[in-house]
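Visitor: Could you build the full structure based on these sequences and the hints that come with them?
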Amino acid sequence: MDTFQKLLRKQTESITQLEKMIRCLQKDISFEEWRNFEDNKDQKRDKEMYKYFASLGGKSLKEFMSSMLSQTFVPNLAKELTWTGQRNNSSKDVTRALKDSKIVQIYRVAIKRNRKFEGATIDEIKKWISAGLKTTKEKIRTSNKEKDKVIVIRNPEMDIVIDET
Numbered sequence: 001m002d003t004f005q006k007l008l009r010k011q012t013e014s015i016t017q018l019e020k021m022i023r024c025l026q027k028d029i030s031f032e033e034w035r036n037f038e039d040n041k042d043q044k045r046d047k048e049m050y051k052y053f054a055s056l057g058g059k060s061l062k063e064f065m066s067s068m069l070s071q072t073f074v075p076n077l078a079k080e081l082t083w084t085g086q087r088n089n090s091s092k093d094v095t096r097a098l099k100d101s102k103i104v105q106i107y108r109v110a111i112k113r114n115r116k117f118e119g120a121t122i123d124e125i126k127k128w129i130s131a132g133l134k135t136t137k138e139k140i141r142t143s144n145k146e147k148d149k150v151i152v153i154r155n156p157e158m159d160i161v162i163d164e165t
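Quick note on full-length UniProt numbering: the sequence shown kicks off at 1 and runs consecutively.
The set of hints was computed from the structure by calculation and includes no laboratory data. Treat each hint with caution, since some may be false.
[To be verified] Subject to a maximum C-alpha distance of 30 Å in a straight line, what follows is the list of computed DSBU-like cross-link-like pairs (lysine-lysine):
(1) Lys126 <-> Lys59
(2) Lys102 <-> Lys59
(3) Lys79 <-> Lys62
(4) Lys51 <-> Lys41
(5) Lys134 <-> Lys112
(6) Lys102 <-> Lys137
(7) Lys127 <-> Lys112
(8) Lys116 <-> Lys41
(9) Lys116 <-> Lys62
(10) Lys102 <-> Lys139
(11) Lys41 <-> Lys62
(12) Lys47 <-> Lys116
(13) Lys44 <-> Lys139
(14) Lys59 <-> Lys79
(15) Lys127 <-> Lys41
(16) Lys102 <-> Lys126
(17) Lys47 <-> Lys134
(18) Lys139 <-> Lys62
(19) Lys112 <-> Lys102
(20) Lys112 <-> Lys62
(21) Lys112 <-> Lys41
(22) Lys116 <-> Lys126
(23) Lys102 <-> Lys62
(24) Lys59 <-> Lys137
(25) Lys126 <-> Lys44
Just so we're clear, the structure is a prediction, and the values are computed from it rather than from any experiment.
Guide: Next up, the structure:
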């Protein structure tokens with residue numbers, strides 16, 4: 001069990017709540033489960049979370065943010081989130097806004113508690129969250145394209161791939 005899970009377990013009275021939080025932060029979840037996490041007003045848990053995030057390493061704000069994002073946003077959830085909650089141009093889906101979310105508030109406190117990054121602006125935070133979500137979404141698209149390919153002949157020197165689409 002990693003440090004983050006231990007902190008969650010320590011701060012959660014109910015096993016059911018703990019399972020939901022861990023699921024919310026580390027597995028494929030629905031947006032409704034994420035919203036339940038956001039709506040939970042457990043200040044003690046939030047304090048432990050920002051302390052934990054503040055302790056993460058990173059030589060730059062980008063690395064620091066990447067560490068936090070990788071522990072909180074899974075591909076399934078990242079598809080539904082943007083900074084402003086805008087409509088996606090390539091589809092009719094509406095994404096949810098992160099700018100006023102509890103997790104971003106926790107990130108901001110964690111950043112301010114880390115001496116290297118205490119002067120970071122909300123614009124910098126927005127930049128790296130948006131970049132992290134974009135990267136995750138791109139990985140999903142690439143992964144889906146790879147799943148659509150079938151290897152027909154395997155040769156040690158070359159793979160022949162036929163695209164099924």
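Visitor: Each hint should be assessed against the structure and marked as holding or not.
Guide: Cross-check of the supplied hints:
Only pairs whose Cα atoms come within 30 Å are accepted, and Lys126 paired with Lys59 is accepted, the gap being roughly 18 Å. Distance hint between Lys102 and Lys59 is fulfilled; the C-alpha atoms sit about 25 Å from each other, no more than 30 Å. Our distance criterion of 30 Å between C-alpha atoms is met by Lys79 and Lys62, whose separation comes to about 20 Å. The hinted pair formed by Lys51 and Lys41 meets the criterion: a straight-line CA distance of about 17 Å does not exceed 30 Å.
Taking the CA atoms of Lys134 and Lys112, the gap is about 24 Å. The hint holds against a cut of 30 Å. Between Lys102 and Lys137, the direct Cα distance comes to roughly 22 Å. Compliance with the 30 Å bound is thereby established for this hinted pair. Between Lys127 and Lys112, the direct Cα distance comes to roughly 17 Å. Compliance with the 30 Å bound is thereby established for this hinted pair. Under the criterion of a C-alpha separation no larger than 30 Å, the hint pairing Lys116 with Lys41 is consistent with the structure, at around 29 Å.
Under the criterion of a C-alpha separation no larger than 30 Å, the hint pairing Lys116 with Lys62 is consistent with the structure, at around 12 Å. Distance check on the hinted pair: Lys102 and Lys139 sit about 25 Å apart at the alpha-carbon level, within 30 Å; holds. Note on Lys41 and Lys62: the hinted pairing holds, with a Cα-Cα distance of about 28 Å set against a maximum of 30 Å. Straight-line distance between C-alpha atoms of Lys47 and Lys116 comes to about 20 Å, which keeps the hinted pair within the 30 Å bound.
Between Lys44 and Lys139 the CA atoms are separated by roughly 34 Å; this puts the pair beyond 30 Å, and the hint is violated. About 28 Å separates the Cα atoms of Lys59 and Lys79, which keeps this hinted pair within 30 Å; it holds. With a C-alpha separation of about 27 Å, the suggested pairing of Lys127 with Lys41 holds against the 30 Å cut-off. Between Lys102 and Lys126, the direct Cα distance comes to roughly 14 Å. Compliance with the 30 Å bound is thereby established for this hinted pair.
For a cut-off of 30 Å, the pair hint linking Lys47 to Lys134 stands: about 28 Å separates their Cα positions. Distance restraint check for Lys139 and Lys62: the Cα-Cα separation of roughly 18 Å lies within the 30 Å cut-off, and the hinted pair is therefore satisfied. With a C-alpha separation of about 15 Å, the suggested pair Lys112 and Lys102 falls inside the 30 Å cut-off, and the hint holds. Proposed proximity of Lys112 and Lys62 is supported: the alpha carbons are some 14 Å apart, at most 30 Å.
Our distance criterion of 30 Å between C-alpha atoms is met by Lys112 and Lys41, whose separation comes to about 21 Å. For the given pair, Lys116 sits about 18 Å from Lys126 by alpha-carbon distance, which is consistent with the 30 Å threshold. Only pairs whose Cα atoms come within 30 Å are accepted, and Lys102 paired with Lys62 is accepted, the gap being roughly 20 Å. A C-alpha spacing of about 25 Å is found between Lys59 and Lys137, which places the hinted pair at or below 30 Å, so the restraint holds.
Distance check on the hinted pair: Lys126 and Lys44 sit about 25 Å apart at the alpha-carbon level, within 30 Å; holds.
When held up to the earlier numbered hints, the structure conflicts with hint 13 and nothing else.
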